[in-house]
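Sequence lines, in order, name chains A and B.
Note that this note's numbering has the first sequence beginning at 4, numbered continuously upward.
Note that this note's numbering has the second sequence beginning at 4, numbered continuously upward.
If you're looking for bench data, these hints aren't it; they were derived computationally from the structure.
Errors might be hidden in some of the hints.
Put simply, identical chains are the same to the list, so a pair is met inside one copy or across any two.
Said to hold, decoys possible - Here are the simulated SDA-like cross-link-like pairs (lysine to any residue), alpha carbons at most 25 Å apart as the crow flies:
(1) Lys95 / Glu34
(2) Lys33 / Asp73
(3) Lys20 / Glu78
(4) Lys33 / His80
(5) Lys95 / Thr8
(6) Lys33 / Glu103
(7) Lys33 / Ser66
(8) Lys20 / Gly77
(9) Lys33 / Pro84
(10) Lys33 / Gly85
(11) Lys33 / Thr76
(12) Lys95 / Val6
(13) Lys33 / Lys95
Protein chains: 2
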Amino acid sequence: MLVRTLDQITDTDADIKTPNWRSKRIILAKEGVGFSVHETTLYAGTVNEFWYANHIEAVFITSGEGEIEDLATGEVHQLAPGSLYLLNDHDKHIVRPRTEMKTVCVFNPPVTGREVHDEHGVYPLIVEDAG
Amino acid sequence: MLVRTLDQITDTDADIKTPNWRSKRIILAKEGVGFSVHETTLYAGTVNEFWYANHIEAVFITSGEGEIEDLATGEVHQLAPGSLYLLNDHDKHIVRPRTEMKTVCVFNPPVTGREVHDEHGVYPLIVEDAG
Numbered sequence: 004m005l006v007r008t009l010d011q012i013t014d015t016d017a018d019i020k021t022p023n024w025r026s027k028r029i030i031l032a033k034e035g036v037g038f039s040v041h042e043t044t045l046y047a048g049t050v051n052e053f054w055y056a057n058h059i060e061a062v063f064i065t066s067g068e069g070e071i072e073d074l075a076t077g078e079v080h081q082l083a084p085g086s087l088y089l090l091n092d093h094d095k096h097i098v099r100p101r102t103e104m105k106t107v108c109v110f111n112p113p114v115t116g117r118e119v120h121d122e123h124g125v126y127p128l129i130v131e132d133a134g
Numbered sequence: 004m005l006v007r008t009l010d011q012i013t014d015t016d017a018d019i020k021t022p023n024w025r026s027k028r029i030i031l032a033k034e035g036v037g038f039s040v041h042e043t044t045l046y047a048g049t050v051n052e053f054w055y056a057n058h059i060e061a062v063f064i065t066s067g068e069g070e071i072e073d074l075a076t077g078e079v080h081q082l083a084p085g086s087l088y089l090l091n092d093h094d095k096h097i098v099r100p101r102t103e104m105k106t107v108c109v110f111n112p113p114v115t116g117r118e119v120h121d122e123h124g125v126y127p128l129i130v131e132d133a134g
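Full structure from sequences and hints, please.
Rendered as structure tokens:
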């Protein structure tokens, strides 16, 4: 059993800060459980174009509101506490928080913590060495 | 892309109600993403002994507070918003919410929705047929 708090992650290497969002990675590939779990805050009024070419992601909204646009279809979905979006088809998408939005994110395969979003908003696939 | 809200799950087959807890399964094995995601509420003052012999589970606390006891070691950890516990070793454990606790839970392998806790608090392993 492993117990962690967000406070323990704040300002460590697992606390990723950008102008648009901040992501605290609580469980990473090194834990070896087949997924990673991040608590991510998206700032009000930002426009966030993302594409995870190599990962599936589920995002559950715990506070705040905004919208997500599916760039393949142009469809826009509203997001509020209790909404979840699942990027099960490597969907290119834009997230537009109207207020600060807090989320819990799950990635498969798990993020290692060494990825950075490249110029296309893509996370490269990095596999944690076993052992 | 798939977008769901807890309201859409309320009172469906994916809304599991027990005297001690209520779990809304948002993403299940049938989605085929390698994990399931549940929003689970544990009621104040309940004592919940769980053992997932076949699953790994991560639980992130979004509201409320309580404690978790690791039955292998007797160690007790406090839980509050921003805490996460990871059952990465099929740990037998007891969760004691002091107040109503709301959580986001991730299971690997994904829960199919057909499991029930047996008399030992165990989820059996049920694998979703492909196709």
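Here's how the hints hold up against the structure:
no.: 1; hint: Lys95 / Glu34; verdict: between (28 Å within a copy, 19 Å between copies)
no.: 2; hint: Lys33 / Asp73; verdict: between (31 Å within a copy, 22 Å between copies)
no.: 3; hint: Lys20 / Glu78; verdict: neither (29 Å within a copy, 34 Å between copies)
no.: 4; hint: Lys33 / His80; verdict: between (34 Å within a copy, 22 Å between copies)
no.: 5; hint: Lys95 / Thr8; verdict: between (31 Å within a copy, 21 Å between copies)
no.: 6; hint: Lys33 / Glu103; verdict: neither (30 Å within a copy, 32 Å between copies)
no.: 7; hint: Lys33 / Ser66; verdict: neither (28 Å within a copy, 27 Å between copies)
no.: 8; hint: Lys20 / Gly77; verdict: neither (29 Å within a copy, 37 Å between copies)
no.: 9; hint: Lys33 / Pro84; verdict: between (30 Å within a copy, 24 Å between copies)
no.: 10; hint: Lys33 / Gly85; verdict: between (29 Å within a copy, 20 Å between copies)
no.: 11; hint: Lys33 / Thr76; verdict: between (36 Å within a copy, 23 Å between copies)
no.: 12; hint: Lys95 / Val6; verdict: between (34 Å within a copy, 14 Å between copies)
no.: 13; hint: Lys33 / Lys95; verdict: between (27 Å within a copy, 22 Å between copies)
Taken one by one, the earlier hints fail for this structure at numbers 3, 6, 7, 8, listed in ascending order.
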